[in-house]
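All chains, full assembly: derive it from the sequences and hints.
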Amino acid sequence: MLFSYNADQLPRLRMTGHIRYSQPWIHFARRLDEYVLYVIREGNMYLRENGLEYHLKAGDFFLLEPGLQHVGTRKASCDYFYTHFTHPELRRVEDGAAAMAELAEKRRQSLISYNLDAADPTDSVTYLPKHFHLSGGEHRSLLRSAVACYEAREEHYKRRASTFLHSFLLQTAHEHLMAEMAVRDRRLNRSEAAVDQLVQYLNRNYTKKLTSGEISERFEMNFDYLNRVFSAMTGSSIFSYINMLRINNAKQLIASTDLAFSEIAYLVGIRDRYYFSRLFKKLTGMSPTEYYKKARGQ
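Numbering-wise (my numbering), the sequence shown opens with residue 9 and increments by one.
None of these hints come from the bench; they were simulated from the model. Small disclaimer: the values here were computed from a predicted structure and weren't measured. Be aware that one or more of the hints could be misleading.
[What the hints assert, rightly or not] For lysine-lysine, the following PhoX-like pairs were computed, each having C-alpha atoms within a straight-line distance of at most 25 Å: (1) K217 <-> K290; (2) K216 <-> K289; (3) K290 <-> K301; (4) K166 <-> K138; (5) K289 <-> K217.
Here you go:
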């Protein structure tokens, strides 16, 4: 089960904290008009919500819904974070498969987007799972920060705690998407999965010297075939995409630093400054100097 979550809206946190029951304990019955988030640190929690039973274990994320009764079904020791909150645009989604396909497409659009645009490349809706096992504990530090803000009760403490909660929810949505895409990639044909991985690889490694042979070897596929599939899925050839990444990041450096153009060319992976100037003009319609003057309002 999934919930659509408008990431342009902050959740409104009412209370948050951390509880440790070292002796077996059973959850009391209640029905609330707000969401309750549980993240289990250690132990177990056994719940029934709206007639459905859940067994929560260490590392689990679980979202209780407003208006539905929940009650414990079995005693157990448990150590967990809890957060009570509302959100104006957090709603249950009926077609989870369509929602995940939509989010995967947003990820693809984001990966190939121009990062200097003021607007985000996709809309603000992401999707949260109801029950999900978190793979690691690193972003649970966001919950600890939310609890610390809430307990300190300093100025704007609930707003600050809400921003940590918001970040945690977005991280969870991302981790859930990655888990779903790993399952999807096992179903996709090998070339489609390779293109998705290649886009991520190029985004991280465009400053290095990349050759068709190195790419072919890394992804264990014929380069010409991989390039055809890449072009069909992204609208760009592999090396055109690499050049786009390099020039887009060169534009960022020209606009925000006083580095020489030769240094900028080197930093984005182009060793020949004359080729850099030709490529820059080809992709932007202006020379690096003209772009510098435009970016500085000269």
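How the hints compare with the structure:
The suggested pairing of K217 with K290 holds, with an alpha-carbon distance near 21 Å, which does not exceed 25 Å. Between K216 and K289, the direct Cα distance comes to roughly 22 Å. Compliance with the 25 Å bound is thereby established for this hinted pair. Using a Cα cut-off of 25 Å, the hinted pair K290 and K301 holds, with the two alpha carbons roughly 18 Å apart. The straight-line distance between the Cα atoms of K166 and K138 is roughly 24 Å, inside the 25 Å bound, and the hint therefore holds.
Restraint check for K289 and K217: the C-alpha separation of about 21 Å stays at or below 25 Å, so the hint holds.
Every hint, counting from the list given before, is met by this structure.
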